[in-house]
Amino acid sequence: MADLRLETKIIDQCRELAVKISKPIETLIETHTTVAIERTVLRLLGVEGAVQQPGGQWFPEVNLIVEELRKEKTLGSGVLTWFVNGMIQTKMPAQELATAVALKKTNLLKLKRASEGEIKKKAYELCENAKKNLLVQKASRDQVRKEVKDPFDPEGRNGPLIYVIVATGNIYEDVIQAKAAVQAGADAIAVIRSTAQSLLDYVPHGATTEGFGGTYATQENFRIMRRALDEESRQVGRYIRLTNYCSGLCMPEIAAMGALEKLDFLLNDAMYGILFRDINMKRTLIDQNFSRRIIALSRIVIHTGEDNYLTTADAIENGHQVLASQFINERLAYHAHMTADLMGLGHAQEMDPEYPNVFLLEIARAQMTRQIFPKAPIKFMPPTRFKCGDIFYSHLMDAMFNLVGVLTGQTIQLLGMPTEAMHTPLLQDRWMSIKNAKYIFNGAKDLGKEVEFKRNGKVENWANKVLNDTFAHLSMIEKKGLFQAIEEKAFAEVSRTETGGKGFEGVLPRAPDYLNPFFELL
Amino acid sequence: MSKVTQVNLKKLRPYGDIMDDGAIQLAFTLPVEASPEAREAAVQLTQKMGFDQIKVATMEKAAQGFSFFVIYARLKHTIDFTQIKVLKVEAPKRSRDEIDGTIKSQIGRKLIVLGACTGYDAHTVGIDAIFNMKGFAGDYGLERYQWIDAKNLGAQVQNEDLLKLAIQLKADAVLVSKVVSQHNIHIRDMKELIQRAEKMGLKDKVVFVAGGPRVTHPMALECGFDAGFGVGTKPSEVASYIVEELLKRSIPLPKKLAQKKKVRKQKKSK
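Sequence lines, in order, name chains A and B. Our numbering puts the first residue of the first sequence at 1, with every later residue one more than the last. Our numbering puts the first residue of the second sequence at 1001, with every later residue one more than the last.
Honestly, the hints are just simulated from the structure, not real lab data. Any given hint might turn out to be false.
As the list claims (entries may be wrong) - Here are the simulated DSSO-like cross-link-like pairs (lysine-lysine), alpha carbons at most 30 Å apart as the crow flies: (1) A:502 - B:1093; (2) A:489 - B:1248; (3) B:1061 - A:502; (4) B:1110 - B:1248; (5) A:480 - B:1248; (6) A:71 - A:149; (7) B:1061 - A:149; (8) A:489 - B:1134; (9) B:1248 - A:502; (10) B:1134 - A:438; (11) A:435 - B:1061; (12) A:502 - B:1151.
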């Protein structure tokens, strides 16, 4: 196997720094909750309803219930403290009570109180059942994987998984596009979300047929696509993975929905939300922990968003930012009980294509990522920054990206599109792109096993340079603290503040009587 | 006698390898199964587009119920190139030093330029290329200009907030980047910005510039902007335009400079 001699001592030191950097965040997580976490708790209990608003839009019941408690300053005790008592007093099941509360027929704060012991006991019972339900859904997903051939290997030994996006805005049209992609050879389908869904502090409801730059992530849309892909999996005899976006203000809710609807991959990265969506850092880091606990139970593979750093910061100069962030992301994932084989750490091939020997540097980065995270299903993202309307040149860039991917043993390869920077992919764009990848992944299948990198050559030296830069960068972050470092543009040349950004008002300190058994069960 | 035919600008046609051959490549998908009938349909459609000598280079099964075609054909139509007129951004090309120099000597104070991706657009690649110090293709970004106070507000800035800030900071120019264009959301957002600007009395005080892969100058004008720039635009081109436009509008100058200009004008009139 092609192998770079990396300074392993530095890798160990980087991991130690990541542990230290994450400590204060872990304390923050353990002492706080958020409106999104509390909404997720209700969703896990089976609350899925929505109330039609005067404008005709559907607004989730979980939002109405949680928001009322927040306004009354009682949410710090956890939604279950009130909701479970409500179930005891009214003898209603969760969904029925939720509807009654959302329609203001029942006021959770005005009910008689059962004893703390009784509430706690009932809460544990409900959460245990919710956990069982998640495990049933997981088993049902894994059953399909067993029925057909499953090409996925976290360590990438079967060659890169072919991953493409659909983004028509209409879930039914997405199904057509997804099925066509599978027939062409795709192994994983990501339904891109409508632009800015990550900034909505609620999850839209029902099947949707209109979106901007993508299709809304709703539980019903998840179901529709899962059903279609299961059908197609059986049709082609190959398991097709479904991906959606578990980031933004509803991060843990999407995790719960994804787990319930049998998704395989979720893009899940607080750092992405902080830097690129201006979501408050405390909010999203706390949300991320709870979402990753659900993800860990359901054994969904997360994808982190470090590739994005290279679209705003120069990819040649800033490789260390990506690696530093991957170390932190890895640590935070472990803290949420995830295992290495679920950590699809992200990076990208985004260097200036006209830079001399650019592929040597790209190979160095991709290969070092593979070696530093040997168990992780590394996610490799295609060139976007230097793409323009020249689809022929663009197709060539993607071919070189595919070659780097197969040579360095990347696990998940998000295919580039010839029409990147023009429009969301047409059926024929995706078809061309898959044909390109299949040709190269097949033709260069064992190339990585045949070549060796020159000792102290350009590739090896570049990798060690990036590694050393990463160590220096993490040392700086450790000294300043992650929040301060982000404010001083440690990543992607973007500055964010601790109390700035969207969703900060949804962060609450946990009260002494905070009740949420999921933190013990997940 | 020349051995090759010269281009006839009155009757311009695409060029393959012989002047006036009209050669064109086409690629499209039909939502029917790849079949002899699908191929015939593709040929007939191509005929209707105004082509002859149609060669189907390939028909591929792109998926169940979808056939993909690559076609080469000769275009029958011609265009009178001498009659073409295009709305273009008219501004002399200046270097960064020249722009700084022009602002210093003719405006006499730093220009305030705001930039943002508006609406829900989160794609900052374009606005960053124009603003960031590093710039784009070797052309430094606006943040590097000594005489420009450049503020990049980043992604997902609402029109209303952008205009409020423009008033507060007394902006001379506002740069808007639009990437997402599904359902023409970019056009809607751009028009809305200008409508608001008009209501707030900003339209004449501030130069409004749009940029993005789907933005053209005529389209920007139609949305009420002063100029539009497409992919590959360099920061110095945008800066040149802003300076030129502001000079044309004769924005209020600092007193000293205003007096100098008056004197110069008087001299001229003599």
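- Taking only the CA atoms, is the gap from residue 480 of chain A to residue 1248 of chain B under or equal to 30 Å? Distance ~49 Å between residue 480 of chain A and residue 1248 of chain B Cα, so the pair is violated.
- Query: CA of residue 1061 of chain B to CA of residue 149 of chain A, is that 30 Å or under?
  - Reply: OK: residue 1061 of chain B and residue 149 of chain A at ~24 Å, within 30 Å.
- Query: For the pair supplied as a hint, residue 1248 of chain B and residue 502 of chain A, is the alpha-carbon distance within the 30 Å limit?
  - Reply: This hinted pair is violated, its Cα atoms lying about 41 Å apart.
- Is it true that the CA of residue 502 of chain A sits at most 30 Å from the CA of residue 1093 of chain B? Distance ~41 Å between residue 502 of chain A and residue 1093 of chain B Cα, so the pair is violated.
- Sort out whether residue 438 of chain A lies within 30 Å of residue 1134 of chain B, counting only the CA atoms. Since the Cα atoms of residue 1134 of chain B and residue 438 of chain A sit roughly 37 Å apart, the hinted pair is violated (cutoff 30 Å).
- Query: Within 30 Å, alpha carbon to alpha carbon, are residue 1061 of chain B and residue 502 of chain A?
  - Reply: With Cα atoms ~47 Å apart, residue 1061 of chain B and residue 502 of chain A exceed 30 Å; violated.
- Does the structure keep residue 1110 of chain B and residue 1248 of chain B at a Cα separation of 30 Å or less? Holds: residue 1110 of chain B and residue 1248 of chain B sit about 17 Å apart, inside 30 Å.
- Message: Hinted pair, alpha-carbon criterion (30 Å max): residue 435 of chain A, residue 1061 of chain B. Please report holds or violated.
- Response: Distance ~12 Å between residue 435 of chain A and residue 1061 of chain B Cα, so the pair holds.
- Given the hint that residue 502 of chain A pairs with residue 1151 of chain B, does the C-alpha gap stay at or below 30 Å? Holds, at roughly 21 Å.
- Message: With the threshold set at 30 Å, check whether the alpha-carbon distance from residue 489 of chain A to residue 1248 of chain B stays at or below it.
- Response: Violated, at roughly 39 Å.
- Query: Taken at face value, is the distance from the CA of residue 1134 of chain B to the CA of residue 489 of chain A at most 30 Å?
  - Reply: It holds: about 15 Å lies between the C-alpha atoms, which stays within 30 Å.
- Query: When you check the alpha-carbon spacing of residue 71 of chain A and residue 149 of chain A, does it fall within 30 Å?
  - Reply: violated (51 Å)
Hints 1, 2, 3, 5, 6, 9 and 10, counting from the list given before, are not met by this structure.
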